[in-house]
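**Q** Sequence:
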Amino acid sequence: MVGDEAEKGDSMSKTVKGSLMVLLVGLAWGISGAFGQYLMAHGMDVHLLTSLRLMISGVVLTALVLWRHKEKVIALVTTKKHFKELLIYSLLGLGLNQYAYLMAIRYSNAGTATVLQYLSPILGLIFVSATAKRLPTITESLAILLAILGTVIMACHGDLSHLAISPIGLFWGVFSALTYAYCVIKPVNMIKTWGSLIVIGLAMLMGGVVFPIVTRAWRYPLMLTAGNLVALIGIIGIGTIFAYTFFLKGASLIGPVKATLLASIEPVASVFFRHCANERTFLRY
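Going by UniProt numbering, the residue at position 28 of the sequence shown is 28; the numbering climbs one at a time, nothing skipped.
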């Protein structure tokens with residue numbers, strides 16, 4: 001009896017701990033979007049920002065996994081099939097998603113971009129239904145309909161005769177949702193084999209090497225004012241390194257489904273922090 005109660009209490013403690021960690025991640029990702037908007041509004045080019053975010057986060061996370069799982073990292077990078085899969089995921093998934101999300105912020109704002117990106121579960125649902133060769137259930141169909149309706153209302157403000165956001169902003173927002181859905185679906189088997197932290201750390205590092213070469217990110221000036229430095233530390237340290245490591249740990253405690261649902265606090269946090277990050281109220285240097 002006592003043993004059962006202790007086990008139940010331990011399970012509840014893990015659930016509470018995991019839930020709090022994921023909620024913090026949602027806030028971290030929300031403030032990350034606001035930091036990104038602030039940086040681009042103060043002279044930081046989106047290509048340079050994406051490159052710095054991938055490169056620095058990749059170096060830190062890869063150093064962490066090398067310290068903890070050196071043998072597995074070596075095994076992964078020397079396995080041709082899995083290394084190729086990881087490279088594809090890095091470029092077409094993780095790297096492209098971060099770029100698309102920042103582009104959506106650039107042409108709209110952090111709150112709108114984040115809400116649009118959270119169409120990704122619906123896109124994932126459609127993909128799973130298509131690959132399983134089955135129609136969505138009534139509940140799933142209702143979720144898809146409501147998501148589409150919500151996007152239309154946000155994009156048009158209820159008036160179908162005009163867009164309330166720019167077409168290019170809408171494009172990048174929906175595209176970021178598509179790439180985010182790919183980020184969730186693509187690495188499932190790799191994560192089962194190698195672990196999520198290894199996959200994400202190496203994918204970020206690969207993106208951090210390839211993306212700046214492809215975009216020639218060094219052409220853009222590094223506008224490193226005091227305010228930009230704080231925001232850059234925030235988007236990389238809080239919104240990437242901290243957020244990803246805490247999300248993975250929290251998801252391991254409460255499960256990926258609950259973790260994804262709790263992390264959906266991000267759009268609300270993003271809207272709130274966006275209002276705190278405008279020129280009148282944030283980092284007056």
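Simulated from the structure, these hints should not be mistaken for lab results. All of these numbers come straight from a predicted model, not from anything done at the bench. Hints may be right or wrong, so weigh each one.
Unchecked claim - Ranges between beta-carbon positions, derived for each pair:
1) V214 x K14: 39 to 45 Å
2) K17 x R68: 42 to 48 Å
3) I168 x K81: 18 to 24 Å
4) L66 x I213: 31 to 37 Å
5) V188 x R219: 50 to 56 Å
6) P221 x T137: 50 to 56 Å
7) I74 x L142: 21 to 27 Å
Think of the CB as a built atom: it goes at the ideal place given N, C-alpha and C, for glycine as much as any other residue.
**Q** Take the hints in turn and mark each one as holding or not.
**A** Right, here's what the structure says about each hint:
no. : hint                    : verdict
1   : V214 x K14: 39 to 45 Å  : holds (42 Å)
2   : K17 x R68: 42 to 48 Å   : violated (20 Å)
3   : I168 x K81: 18 to 24 Å  : violated (37 Å)
4   : L66 x I213: 31 to 37 Å  : violated (23 Å)
5   : V188 x R219: 50 to 56 Å : violated (37 Å)
6   : P221 x T137: 50 to 56 Å : holds (52 Å)
7   : I74 x L142: 21 to 27 Å  : violated (48 Å)
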